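Taking the hints into account, I'd like the entire structure generated from these sequences.
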Amino acid sequence: MTLGGGTNLVPALQTRSLIAGYEPDMPIVRGVDLSVLKGELVVLLGPNGAGKSTFVKAIAGLVPIHSGTVHLDGQDITAVPVHNKIRRGLAFVPQTENIFATMSIYENLLLAAAMAPKSERERRISTLFERFPDLASRPSRLAGQLSGGQRQMLAVARALIVHPSILILDEPSAGLSPKIVAEVFTMLQDINKSGVTIILVEQNVRAALAIADRAIILVEGKLRHEGSAATLADDPIVAKLYLGASATRKAGVS
Amino acid sequence: MNPQFLVDGLIAGSMIGLGAIGITLTYSILRFANFAHGEFLSWGAYIALALSGALGFLFSALKTPVGPFSFGWSLPLAGILAILLTGMLALLLDAILFGRLRAQRGAVIIMVMASFGASLALRSVLEFIFTSKPAYYTKALQIAVNIGGGLRVTPDQMLALALTAVVVFAIHLLLTRTGIGRSMRAVSENPALAGVVGIDVRMVIRAVWIVGAGLACIAGVMAGLLVQIRPYLGHDLLLPLFAAAILGGIGSVPGAMLAGLIVGLSEAAAVQLIGAEWRAAISFVILVAVLLIRPRGLFGRQA
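Protein sequence lines correspond, in order, to chains A and B.
So the first sequence is numbered by the working numbering: it starts at 138 and just counts up by one.
So the second sequence is numbered by the working numbering: it starts at 585 and just counts up by one.
It should be emphasised that the hints constitute simulated quantities derived from the structure, not laboratory data.
All values derive from a computational prediction rather than experimental measurement.
Check before you lean on any hint, since a few could be wrong.
Unchecked claim - Sample of chain A residues facing chain B (criterion: CB under 7 Å; computed from the structure): (1) His-220; (2) Phe-237; (3) Leu-248.
Claimed, not checked - One-sided and incomplete, this derived list gives chain B residues near chain A with beta-carbon spacing under 10 Å: (4) Asp-592; (5) Ala-687; (6) Gln-688; (7) Gly-763; (8) Arg-769; (9) Ala-770; (10) Ser-772; (11) Leu-777; (12) Gly-779; (13) Ile-783; (14) Asp-784; (15) Arg-786; (16) Met-787; (17) Arg-885.
Glycine included, C-beta positions come from ideal geometry on N, C-alpha and C.
As C-alpha cells, this is what we get:
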C-alpha cells in the first residue's frame with residue numbers, strides 16, 4: 138500500500154474492542170478489532186458458537202453493543218439505530234427469514250427502494266431485474282413461494298437497491314445445494330468487483346476462501362487468526378484447529 | 585324469522601368490524617392483545633360528545649339536523665377532531681405505559697395485564713367525568729324507512745353502514761398501496777428484518793396506534809349515535825371485538841371486517857332464535873370454536 142493513496146487509507150469498516158451480546162452480563166463478542174479495506178471481500182470463519190453471527194448483527198445494529206466502536210468510512214456509527222445504518226451505506230442480509238414471505242418480489246424491493254428518491258425507485262428496481270432475471274420473470278409472485286436460492290437472490294437484490302458501500306451477509310449458503318451455493322458466490326464476487334466491500338460469515342469454508350481476499354477466524358468471541366485467504370486455505374493446522382472437521386473433509390474438493 | 589335481524593346484525597357488525605381492525609393491527613404489530621382497545625371506543629364517543637356539545641353551544645346553527653339525519657354538523661366536525669384526539673390518547677398510553685414495557689423487553693403477559701389495568705383506569709376516568717348515566721348526541725327521533733322485504737332502516741343507520749364501507753376500503757388501500765401501509769405489513773411479518781431494510785419500527789408503531797384508535801373512535805361514535813353513550817360501551821364490545829379479530833385471522837383487515845359482520849349477524853340471529861339473554865354468549869362460542877378448529881382464522885397466516 139502506498140502512502141498518499143487517499144481514500145484507501147480509511148478502512149471501509151472498522152471495529153475497535155467491540156463487545157456485544159444479547160444480555161448485558163453475557164458478552165458473546167468479546168473485544169474484536171477488525172479493519173476491512175474498501176473493495177475487500179473478507180470472510181469471517183470460526184467454529185459454531187464463536188460469535189460470528191452475533192458480531193455482524195452487532196455491526197448491523199440488531200444486537201446491543203456493550204462497549205467499543207464501529208466506524209463506517211471513518212464515521213462512528215456505533216449508536217446509529219438499525220434502520221438508519223442502511224442510509225449510511227451499510228447493508229445487511231440476515232441468515233434466515235431475510236425476505237418478507239407474505240409480500241411479492243416487487244413489494245420486497247419497493248420496501249427497500251423507499252430509501253431512494255421517489256423519481257429513482259422504479260429505475261433502480263428495473264436495473265436490479267436486469268441483473269437478476271430470475272426474479273424479473275414474475276415480480277408479482279409471493280416471495281414465500283421462491284426456492285432457497287431465489288430467496289437469497291432476492292435478499293441480496295434488496296440490499297443492493299440502496300447502492301450500499303458495504304454489504305454484510307450472514308451465511309448466505311445455509312441450506313442451499315452446492316450448485317446454488319456456487320451461483321450465489323459467483324454473484325457475490327461480481328458484486329464485489331463492482332466496487333462493493335463485502336463481509337461474509339460462512340460455514341462453507343472452502344467455497345468462501347476461494348472467493349475471499351482475506352479471512353478472519355473468530356474463536357470464543359475473539360479474533361484468533363487473520364490472513365490472506367490463499368494462505369489460510371493451505372494451512373492444515375488452522376483448518377484442523379478452527380474450521381472443524383468439515384474443512385478437512387472438504388479439503389480436497391475444490 | 586323476522587328479517588329485521590339482518591339490519592340489526594349488519595349495524596352491530598359494522599361497529600365490531602371497525603373495532604376489530606384496530607385490535608388486529610395492534611395485535612399483529614405490537615404482538616400483544618390490547619384489552620384497553622375497547623376504551624378507545626368509549627373515549628372516542630365521549631370526546632365527540634364533549635366537542636359536539638361545545639360546538640353546538642358556540643354556534644347553535646351547527647345543532648340543526650342535517651337532511652334526514654338526527655344530528656347537526658357539530659357531530660361530524662366533533663367526530664373528526666375526536667378521531668385525532670383518540671389517536672393522541674393511544675400515543676400517550678404507549679408513551680407512558682406500553683412503550684416502557686417494550687423497552688424492557690418484558691413478557692407478553694405483562695403487556696396484556698398492563699392493558700387490563702389501563703382499561704380499568706380509562707373507564708373509571710370516564711365514569712368520574714361523565715357519570716355512568718347514558719348520554720346521547722341528539723334528542724331528535726328518527727323514523728325508520730321501509731326499504732322493502734320488511735326491512736326498516738333509519739337514515740342514521742344507513743349512513744353508518746356507508747361510512748363503514750368507505751373507511752374499510754380506505755384502510756385496505758392504505759395497507760396495500762402506500763409506503764406506510766407496506767411498512768406496517770413488513771413490521772407485522774418480521775420486525776427485525778423491517779429494521780434492517782430501513783423501516784423505522786417506532787414510527788410504524790405510532791402510525792398503528794393512530795389508525796387503530798381512530799377506527800375505534802369511529803366505531804364508538806357510531807355506537808353512541810345508534811344506541812347510546814355509556815362508559816361501558818367499549819368494554820361491553822370487547823369480547824365481540826376479539827372474537828372478530830381472531831375469526832378474521834390476526835393481521836387481516838378484510839378478515840376482521842368480514843368476521844365483525846359475521847359476529848354481528850350471529851348475535852342478532854341468536855336474539856331471535858334463542859333469546860336476547862344469549863346474545864353475549866355468541867361471541868364466546870365463536871371465539872372458542874375458532875381457537876379449537878382453525879386458530880389462524882379465516883385469512884390469517886399459518887402460525
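Tested hints:
no.	hint	in the structure
1	His-220	5 Å, holds
2	Phe-237	5 Å, holds
3	Leu-248	5 Å, holds
4	Asp-592	36 Å, violated
5	Ala-687	12 Å, violated
6	Gln-688	12 Å, violated
7	Gly-763	5 Å, holds
8	Arg-769	7 Å, holds
9	Ala-770	6 Å, holds
10	Ser-772	8 Å, holds
11	Leu-777	6 Å, holds
12	Gly-779	4 Å, holds
13	Ile-783	6 Å, holds
14	Asp-784	5 Å, holds
15	Arg-786	9 Å, holds
16	Met-787	9 Å, holds
17	Arg-885	6 Å, holds
Hints 4, 5 and 6, counting from the list given before, are not met by this structure.
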